[in-house]
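K.L.:
Start from the sequences, fold in the hints, and give me the full structure.
Under this note's numbering, the residue at position 89 of the sequence shown is numbered 89, and the numbers go up by one with no gaps.
No lab work stands behind these hints: they were computed from the structure.
Where a beta carbon is used, it is the ideal one built from N, C-alpha and C, also for glycine.
Hints are supplied without guarantee of correctness; some may be wrong.
Below, a list of computed lysine to any residue pairs in the SDA-like style, where the Cα atoms sit at most 25 Å apart [what the hints assert, rightly or not]: (1) K30 / P96; (2) K206 / D184; (3) K197 / D61; (4) K30 / K187; (5) K62 / D280; (6) K197 / K218; (7) K65 / K24; (8) K206 / D140; (9) K62 / A196; (10) K321 / K300; (11) K12 / Y38; (12) K218 / K113; (13) K11 / D61; (14) K333 / F59; (15) K333 / E4; (16) K300 / A196; (17) K45 / K218; (18) K187 / A258; (19) K300 / Q313.
Beta-carbon label-pair distances, calculated as ranges [said to hold, decoys possible]: (20) E310 / L28: 29 to 39 Å; (21) E6 / D70: 12 to 22 Å; (22) K62 / K218: 20 to 30 Å.
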Amino acid sequence: MTFEEELGYRKKAVESIIRENLPKGEGLQKTVIEAMEYSIEAGGKRLRPMMLLECFLLFSDKEYKKDYSDVPGYVKKYAAALECIHTYSLVHDDLPEMDNDLLRRGKPTTHAKYGQAMGVLCGDGLLNYAFELITNALYDGILDTPEFATKKEIKGVVDVNTMSLLFGINSLINKAKSGEKEEDVSKRMFRMIAAAKLIAECSGYKGMLGGQVVDVEKSGQAEDLETLSYMYHGKTSALIRAAILGGAVLAGISREDAVKLKQASDDIGMAFQIRDDILDVTSTEEELGKPINSDEKNGKITYVTFTSLEEAQKKVEELSKSSREVFESYGEKAGFMLDLIDYLAGRRF
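P.N.:
Next up, the structure:
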């Protein structure tokens, strides 16, 4: 199997996980749910949920299947949540007040299809739903306490899972899940909370949102590479950091590994964004699935504004090499991540 085939195999598995975790388009609010589904189903590389799952596999004590079918359900929810956050950022990025794009992945952007107001609400819905998935994951992974779900007094007031979470917290401390030591359950609880905190920070003002703020305030006119790098680390690297570190944290890693992975994920994110800048100039609309030269048309300064295309690609390879060295230290089990880093450095879309 070639790497492209292996990547396609995993992508299909990730898309199945995402589809399983999407809300149902029912009720008076179904239009926004349909818009959310449209935005998610528009396609994409699914890199962030894939990286989260791969890093969970890499650092887990157990062996799991390559199609992720036997990965714990709570981990799958974290992966789906990450794709919801990434997609919300794209939906809002395409709005007239931001990049004003009408085409993404070869299809009309969400606001182009559903209208500007619904585009805003769709992005809001995806972001909120991501954290609904994460809190449901906490329930799945920690508080398997069905006795609370039958309490009549809580039905119809608040979602049963939410109330079970509240009522069950003392139960977790005092009673381990069947067949597990209390210590193991507690470790999983703290890992899940740490991963949730990481994702929240990486997607908020300390990460992706913060990078977008700089982009908006500078009107795409970063005055130097330092400012541009700060923006890229926020807009792009932060969510890749959430994916790589998030999956590893859910599996359980040392502080030393966390420091190494943070740097590696930042390098991967930076390389990914610089490669994007190169492709905006050198690729075709058919390959990218969106308009080319859009940064130039919008008057935006990118990495290739400050350097030549050759120097930009050299930087991509330098960053990729640095991140590769981190994953090489984890041996054969990191093979897919190593191949993925190489693939992204030379991608055409």
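K.L.:
For each hint, tell me whether it holds in the structure or not.
P.N.:
Okay, the hints, checked on the actual structure:
Note on K30 and P96: the hinted pairing holds, with a Cα-Cα distance of about 24 Å set against a maximum of 25 Å. Taking the CA atoms of K206 and D184, the gap is near 31 Å; set against the 25 Å cutoff, the hint is violated. Between K197 and D61 the alpha-carbon distance is near 23 Å, which keeps this suggested pair within the 25 Å criterion. A threshold of 25 Å between alpha carbons decides the hint, and for K30 with K187 the separation of about 38 Å lies outside it, so the pair is violated.
Taking the CA atoms of K62 and D280, the gap is near 41 Å; set against the 25 Å cutoff, the hint is violated. Among the hinted pairs, K197 with K218 is inconsistent with the structure: their alpha-carbon atoms are about 29 Å apart, more than 25 Å. Between K65 and K24, the direct Cα distance comes to roughly 28 Å. Violation of the 25 Å bound is thereby established for this hinted pair. In summary, the hint linking K206 to D140 is not supported, as the alpha carbons are separated by about 28 Å, beyond the 25 Å threshold.
Among the hinted pairs, K62 with A196 is consistent with the structure: their alpha-carbon atoms are about 22 Å apart, no more than 25 Å. Restraint check: the Cα-Cα separation between K321 and K300 comes to about 28 Å, which exceeds 25 Å; the hinted pair is violated. Proximity of K12 to Y38 is assessed by CA-CA distance (about 17 Å); at most 25 Å being required, the pair is judged to hold. With a C-alpha separation of about 29 Å, the suggested pair K218 and K113 falls outside the 25 Å cut-off, and the hint is violated.
Taken as a hint, the K11 and D61 pair is honoured in the structure, with Cα atoms around 24 Å apart against an allowance of 25 Å. Note on K333 and F59: the hinted pairing holds, with a Cα-Cα distance of about 9 Å set against a maximum of 25 Å. Pair hint K333 plus E4 holds up; C-alpha atoms about 18 Å apart against a cutoff of 25 Å. The hinted pair formed by K300 and A196 fails the criterion: a straight-line CA distance of about 33 Å is larger than 25 Å.
Among the hinted pairs, K45 with K218 is inconsistent with the structure: their alpha-carbon atoms are about 29 Å apart, more than 25 Å. A hinted pair counts as satisfied when its Cα atoms are at most 25 Å apart, and K187 with A258 qualifies at roughly 16 Å. Our distance criterion of 25 Å between C-alpha atoms is met by K300 and Q313, whose separation comes to about 19 Å. At roughly 55 Å, the beta carbons of E310 and L28 sit outside the given window of 29 to 39 Å.
At roughly 18 Å, the beta-carbon separation of E6 and D70 lies within the given 12 to 22 Å, and the hint holds. About 46 Å separates the C-beta atoms of K62 and K218, a value inconsistent with the hinted range of 20 to 30 Å.
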